[in-house]
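Protein chains in written order, with the working numbering: chain U, 2 to 313; chain F, 79 to 406; chain E, 285 to 630; chain P, 957 to 1461.
Be careful, since some hints might not be right.
27 Å max Cα-Cα, derived DSS-like pairs, lysine-lysine [stated by the list, open to error]: (1) U:K260 - U:K278; (2) P:K1354 - E:K505; (3) U:K132 - F:K329.
Derived Cβ-Cβ restraints for the label pairs, each shown as a range [claimed, not checked]: (4) E:P446 - U:T33: 54 to 60 Å; (5) E:E333 - P:G1324: 41 to 47 Å; (6) E:R445 - U:G134: 38 to 44 Å.
Hints were generated in silico from the structure; no laboratory data involved. All residues carry an ideal CB built from backbone N, CA and C; glycine is no exception.
The lines below spell out each chain.
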Amino acid sequence: AAQTKVSVAAISGYFAQGFGVSIVNGLNKAKTDFGIDLKLVDTGNRALDYQEQFENLAKGKQYDLIFVMGWELVDSLQKVSKEYPDQRFVFIDGVLDNPKMIYANFAEEQGSFVAGALASMIEAKGSEFPKIGDGKAIGFVGGRDIPVIRNFLGGYEQGAKYAAPDVKVNSVFAGTFDDPAKGSELAQALYGQGSDIVYNVAGPTGEGVMQASAAADKYSIGVDIDMCGTAPGNVLGSMLKRGDIAVYTLIKDEVGGNKVTAGTRTFDLASGGVEFKVCDDIAPKIPADVTTKLDEIKKGILDGKIVIAKAK
Amino acid sequence: MEILDKLINVALIAATLRTTAPILLVALGGSFTTKAGIFNIGLEGQMLAGAFFAVIGSIWTGSAFAGVACGVAAALAFALAFAVLVVTFRANEVVVGLALNILAGGMTISLMKAIFGTRGSIVGHGIVGLPKVQIPGAQALLGSWAPLVSGFTPIVYVAFIAVPLLVLFYNRTRLGLYIRVVGEKPEAAEALGISITRVRYIASLLCGLLAGLAGAHLSLGYITMFTENMSSGRGFMAVAILIFSNGDPLKVLAGCLLFGFADAFSLRLQTFGFPSYLVLTVPYVVALTALFALSYRARPKIIKETLASMQKLLSVDRNSAPVDKNPQ
Amino acid sequence: MSDRLRAFSGQIIAVGVALLLGAIIILLVGESPVRVLMTLLRGAFGDQEKIAGTLLQTTPILICGVAACIGLRGGMFNVGIEGQLFLGGFAAAWVGFTFSLPAGIHMLAALALAIVAGAAWVAIPAFFRARYNTNEVVSTILSNYIAVLLTSYFTIFLFKRPGGWSETPPILATAYLPEIFSFSRLNWGLVIGLLLAVGVALIFRYTSWGYGVTMVGSAPKFAEYGGVNVKRQGFVVLLLSGAVGGLAGGVETLGVHHLFMEGFAPGFGFDGLIAALLANGSPVATIVTALFFGALRSGSLLLEVDTSASREIITVIQALIILSVSAQVLIKRRGDSQAGERRWKF
Amino acid sequence: MAVELTGITKRFGAFIANDGIDLAVRRGEIHAIIGENGAGKTTLMNILFGLLQPDEGSIRLNGEATVVADPAAAIKAGLGMVHQHFKLVPSLSVADNVFLGMEIRRHGLIDHAAQIARTQELSKRFGLHVDATERVGLLSVGIEQRIEILKVLVRGARTIILDEPTAVLTPQESRELFQTLRSFVAEGMTVIFISHHLEEVMEVSDTVTVLRNGRKVATRQTSELSKDELVRMMVGREVSFDRRPRAALHGDIVLDVKDLWARDDRRLPAVRGASFAVRSGEVVGIAGVAGNGQTELAEVLSGLRPASHGEAWLKGQDLTTLSPAAIREAGLAHVPGDRMVRGVDRNASIAANTLMGRHHRAPWSHNGILDWKAIAGNAGALIKSFDIRAQGAGDAVKRLSGGNIQKVVLAREFTNGADFLLVDQPTRGVDIGAQEAIHDEIMRQRAAGRAILLISVQLDELAALADRILVMFNGRIMGEVAGDEADEDRIGMMMAGVSPQLEPA
Ligand SMILES: Nc1ncnc2c1ncn2[C@@H]1O[C@H](COP(=O)(O)OP(=O)(O)OP(=O)(O)O)[C@@H](O)[C@H]1O
Ligand SMILES: Nc1ncnc2c1ncn2[C@@H]1O[C@H](COP(=O)(O)OP(=O)(O)OP(=O)(O)O)[C@@H](O)[C@H]1O
Ligand SMILES: [Mg+2]
Ligand SMILES: [Mg+2]
């Protein structure tokens, strides 16, 4: 039966953080464009609550699609999807072993690889490039030390090594996604130790990293959404993880009568689901050889010449 | 050596000053209540409310300083609630303090969701951060040491200048003296017509003032955004410091510098491959260790005092006192 | 008796005032208080699953509340139940996934280690409190932060489940606390909590030890005079409180999650402490207050789905209840003395 | 008239502390107020000084009707008060304490130097010697009192109220104090003081007002009065220095104290080399001005305070090595001096209060389980046998009157079967009827062969009950007087620190 109105729910504990924000943006865009019903549910941070929250959503059979984001929800999701086999869940940002679910998988390691490559090449230029010292090191600030973040770091490190093997990568973790002050201090510590470019994958904590780059007048790289505006002149670029594109395309299919079915959709460099965007104010300053090399790398990733190991 | 250079340098000291400032402000605020004889565990909540409303105020008015004023006003409201319950109703200060902390946490999140549609954090939205003060001539005079005195937001200077001001306040002003008296010997204050209630209210509000500044500094100075629970236990650290400093401004400063340093230093340790989660416990471990060590040290002091008093006594008393049997 | 009745009616009035204030705040965030209330009720008691869900939420609050009651009885503020819960939860999980033992024994062993872990975690603050009078409120709060980071470290660096999120391997089924109904995760942890509450109340009422501890809490100098070892009992009381806090964690691991993960059960320690305070330190009354908070929590899960209010509104209401209760009892007592009793009773 | 109080009534709940009191104090006189413990003296002075508000009555100061709303109003009217318990701030200097509330300021800041100078000047002028720069926490009580008086003077007081100023002073300090007071009067000031020491009242005062049970008995010129008359007015009956009849039944030594030393809370030696013994069937009294180490002695014997040296043997065990619990096991019962803090839990029931210290023992508990039925039954029996005025064993102790609370403590301690009874101020704040009952009970315990150490500041009590009286001064046992030879002068001399050996009477 063709649906007159599509109803969508999304559940996560991280709607306020970069990637979550981009998902919410995509959902809202879909709402405006297609007039869908939309419900956002914030799980909070208590593991005990998750399962009931899923059940509350699934029970009414009211939602055509339920988008789920956040690895801590996986256990509850698996249980509830077994209980409600007809309910279609879309798990964002990973693939589980349940074949009945829909997965939107992102190749964040690809974008991070590009980010690492760019950062290390610029760092390798030394004082040729403004604000770069001769420390030959770049930095990384993670939120919590968890697999997804490790995957970002892995791509970043591999990219750096690939493009400029003698540039060192210093990585630190804030242990929290919610303490921007700590993010700022960590970044300043990295800058102080000679890392001139710091990549943040730390939600609001990372916001502190961006602001620190302005304070220290060094470089930062944003994540998930376009962060060039947070510290103009100090942000090299952003590794975009286009959650908005993912949810928007899925909903568009659904609305178009093309029901979303179980399986994995991969959002990577090739599909534009992951992308490295150099900030407009920085782009003109980047030496031609770096730009060329970067394009080569992107091509290498696209045609499979460059293989990036995923972190377990 | 190279490692040491990398660890301990001007940047580390500057970082220490930055990490110290918010704890210092809130702890100095707590100094008022501590000196007035109130155990104020609600600092965390006052700071959080200050941070949130500073951001709201800044967005609303487009001015950082108006934002700070909003943050301070919110913290004052919390301080007033604390004072009404604890001073007037004489409710248990731990209960009230904890409840106000919980209230601050829940309220900021609820309001965030009501105003911005999502919880989590407030970034952008036109928040105006505090400007950084560049001290003229600092660079020329101090060279590479300039980052130690220049380039902080105004509230950082306020925090450090507040220390000598508070010393002066407690020693040389009437209100400061009354706060001390009310905390140390309320009967004395009462007998002299000093209103205990009034002094405790004033102390609570002064505390709210500085806690609010500390919060505003977190969200408009230190960085320019608000996140859920962004005070991250700094208020509790301050309470720990207050307990073993007894609220004396100089000791508070020393304690805060210790934690600021532990914080800044531990962040740097991570780059040497220590596991992040363990390194992150360092400030808390330092706080606890200091708390325990200083309460342990209270002992030898008693012995020393006793020896002194015995000596004093012996000089007038011909009978010599016998050797201690149960040295306590 | 009329005293007790008056105290009780006062408590009810205070809760009413808090709810009224809560309603105003709900209006302020742009929702209808009536709708929020109805949603809360439906979410908490709407059907048998919801009721079971409420009881599921009640369980950790109740056990943490009993832990707090034990401390309060002896005049100790254990604000570190949160940390004890985390360590207990991890310890139980560790036993659960490391050893293979016969069913039942495995579970008991895991609970036992959870208890030991909780007690051990509070032992140092307890020692310093008893021996050197170090403020236990601050030391236990600070140790919460360490506990959470430490268990995260264990989980992520030492025992992470390969391929999984930040969580340990699942425990063996032999260590599970059995579920009570088929339709809910509600498990025997609730029964443990109820038995514990009643048991602790009986111990305080009917044992010499309980009498001594109660006196330590309410009149320490009198207790000291009467030959009760105030320092030792203070230490023991904190230790027991921590042990029960650890047990709460164990129950959550073995009964619900079946593994330990980062962000295991944040906030339950505080909820329990508040429930205990609201119950004025009585374990049996804590059953009621824990149920109340459990219902609020459970009802709030529907709140996000069915209304536009944030679940955190519940936290706000909880805080308001505590504040108004702490104030109202004193309105009555205010004239009593000039010196002001600053004990935990409010 | 410097002060005129008319019809002052003050109630605390149902209790009437002041009942229609009239008091007139002439300018330039020393006016003594006496009365037993709890007669309402402090309450009356607190009302005069604005610390309490009267329920009825009016106040005229210097002939003008005045509402003394708070101490500030009293100070403004030229009153000054030195409280029974000093109200000084230990961490502040003498000068800061003197000027607290009326600091000398320059440019808005407190001028410590000027305050010190003014304090030195005043102290010289009135002969109250103090070092203005010292921290008060380090000074002796005598000096603290001088500071309190300086505080009053610096506020320009013309009428000075002193509440039991000599209770904590040595005789010499008292003498100096009275000299100072006389010099005040010579300057036209007025002095009102409260005292329990009849000699000093007779010696120093011009006029005496006697309070009893919250009422004024009389105001008389001191010169017209004899000490006997005073005492009669105070207690409303002749004081019986009569000894209780007794049979000599001293048995074996139960408590043997040898060269015992202990420190007070300020860590100063408070008990200094006490040695004495108490036999079974004997009441040994300890006399002394409050604060001469009696409390500390009692605390050491009951294990609440560590001894710094010496031994105290109770039936073969050294108490100084035992915990309070073990000492109770060894056979001590203790009626504490501060019964509200040590003696009871005010919020608990009578039954729960009668349990303390024996909650591990049958019949109150079996194998660690309390038997509340037995406990309540036992408490009910105690209520009857000790004539405790209460509705039942379930009554909260805080609802009882002071005397009845004391009886709860006595009932518990005296029925413990202990061989040694340590009884500290058993009748403080207790009405006369109850006093008799308590004395009877102590004598019964003596007859039952208990060894009793009775600490009291009331000499008549000691004279009535004790077989021997030891006198404590400044932590030392100054000497011993047989109970039937109790002679106020001799004991008084020793209480003042004059050793009987050095100055034979
Ligand atoms: N009796 C009192 N009880 C409580 N607080 C008091 C009392 N007297 C003064 N204070 C407080 O002490 C502070 C200073 O009081 P003070 O009377 O010196 O103010 P002031 O006379 O206006 O000062 P100045 O005129 O020198 O600037 C005030 O904040 C006041 O609230
Ligand atoms: N705030 C109060 N609340 C209740 N009762 C009180 C209060 N203050 C005093 N009393 C009671 O009033 C009576 C008179 O007390 P007051 O202190 O005036 O006695 P006093 O004559 O000074 O005795 P003492 O010689 O022991 O100092 C006592 O029974 C006391 O218990
Ligand atoms: Mg007296
Ligand atoms: Mg008196």
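Quiz item: What hint numbers does the structure not satisfy?
Solution: Violated: hints 1, 3 and 4.
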